Amino acid sequence: MAGFSTWLESTAISKALFGVSWLWPACESLHFLGLCVLIGCAGVLDLRLMGFFRGVAIRDVKAFMPWAIAGFCVNLVTGALFLIMQPHLYLTSAVWWSKVGFIALAGLNAMCFESRLSGSALALAPDADMPTSLKIVGALSLFSWFAVLYCGRMLPYLGTGN
Amino acid sequence: MAFLRSLQDSAFTDWFLGSDSIWTYPTILTLHTVGMAMLVGASIVVHLRVLDVGPGFPIERVRALYNIIWTGFAINLVTGIVLFVTEAADRAVDPVFYVKLASIALALWLGVTVKRRVIDRVNAPSGTLRAARLLSLSSLGLWTVAIVAGRLMAYLKK
Chain A
1 MAGFSTWLES TAISKALFGV SWLWPACESL HFLGLCVLIG CAGVLDLRLM
51 GFFRGVAIRD VKAFMPWAIA GFCVNLVTGA LFLIMQPHLY LTSAVWWSKV
101 GFIALAGLNA MCFESRLSGS ALALAPDADM PTSLKIVGAL SLFSWFAVLY
151 CGRMLPYLGT GN
Chain B
1 MAFLRSLQDS AFTDWFLGSD SIWTYPTILT LHTVGMAMLV GASIVVHLRV
51 LDVGPGFPIE RVRALYNIIW TGFAINLVTG IVLFVTEAAD RAVDPVFYVK
101 LASIALALWL GVTVKRRVID RVNAPSGTLR AARLLSLSSL GLWTVAIVAG
151 RLMAYLKK
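Here the protein sequences line up with chains A and B, keeping their order.
Just so we're aligned: the first sequence equals residues 1 to 162 in our numbering.
Just so we're aligned: the second sequence equals residues 1 to 158 in our numbering.
Just chain A, with the same shape it has in the complex:
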């Protein structure tokens, strides 16, 4: 991974992007905005699945999901730019790989919900008790996204990410 990181940082594209002085802070700002949109819009569905907002139909909470996905896409693109510009900060950092792990966990959890549980979730009466499986999906999603935030923010201070 260290070899790949060195190679990536030596490429013309990496150097050119990192040479644009405003690009890094601009990406950071967008990364923070994307995180707020993602955690806000995904979080409200997570809370609904955990049993909060009883009486609100799950379908109506899912209307915020395209915004959550848009926030995620902004962070995927800006995150990829950080990686291309300064790969040595990330690719050899256990904290960054933990962050990737938690993103994968959140993604798998969401896919599991979409493919197996969302049909029955949408069919639930708005004021029905939430089944345990949906409560777990919601809690796991919320936990994963805050774990992603924690790993990202602590990256320069934990382990080798310096």
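Simulated from the structure, these hints should not be mistaken for laboratory data.
Since the structure is predicted, the reported quantities are computational estimates derived from the model, not experimental observations.
Be a bit skeptical, because a hint or two may be false.
[Said to hold, decoys possible] Below, simulated DSSO-like cross-link-like pairs (lysine-lysine); rule was C-alpha separation at most 30 Å, straight line: (1) A/Lys62 x A/Lys135; (2) B/Lys157 x A/Lys62; (3) B/Lys157 x A/Lys15; (4) A/Lys135 x B/Lys115.
[Claimed, not checked] Using C-beta positions, here's what the derived DEER-type ranges look like: (5) A/Asp127 x B/Ala92: 50 to 56 Å; (6) A/Pro126 x B/Val145: 35 to 41 Å; (7) A/Met111 x B/Gly56: 21 to 27 Å; (8) A/Gly119 x B/Arg117: 22 to 28 Å; (9) B/Met1 x A/Ile13: 19 to 25 Å; (10) A/Gly55 x B/Ser10: 49 to 55 Å.
Even for Gly, the Cβ is constructed at its ideal location relative to N, Cα and C.
Please arrange chain B on chain A, whose structure you already have, making use of the hints.
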């Protein structure tokens, strides 16, 4: 100013910024980010709803999100004061810092106004709702300014 300088040069600042422990600066900074996610994240949902995203979501039910908004705000007020103390003299003369504070104050005030006008009120008249949309859009813009200003502050450190 002498007082702010004495805060910035205090033994607390030396310990807080100089410590190798992750429990000082890194943890307070991370809590400030967690508070931001709660405060701005929940505000975004409220304002998107006022802007007619998720029209089936009863608008009065977003009231509960204000608990998250105020909790996030409280976390960031406390952690923000700690972070300010350690750079008090520099921030007191940093215009970007004032831009950040002003946009937060205004964004929150708009959030409270929207709540009073259309969320706490059953069946607000359509004219009120239209006016509230403009306030919500402005609030989202101000949160964006606050976040960009906050991020830029890191680059204006002495």
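Tested hints:
1. A/Lys62 x A/Lys135: Satisfied, since the Cα-Cα distance of roughly 15 Å is no more than 30 Å.
2. B/Lys157 x A/Lys62: 41 Å, violated
3. B/Lys157 x A/Lys15: 25 Å, holds
4. A/Lys135 x B/Lys115: OK: A/Lys135 and B/Lys115 at ~29 Å, within 30 Å.
5. A/Asp127 x B/Ala92: 50 to 56 Å: 53 Å, holds
6. A/Pro126 x B/Val145: 35 to 41 Å: 37 Å, holds
7. A/Met111 x B/Gly56: 21 to 27 Å: 24 Å, holds
8. A/Gly119 x B/Arg117: 22 to 28 Å: About 38 Å separates the Cβ atoms of A/Gly119 and B/Arg117, which means 22 to 28 Å is violated.
9. B/Met1 x A/Ile13: 19 to 25 Å: Since B/Met1 and A/Ile13 have Cβ atoms about 47 Å apart, the given range 19 to 25 Å is violated.
10. A/Gly55 x B/Ser10: 49 to 55 Å: 52 Å, holds
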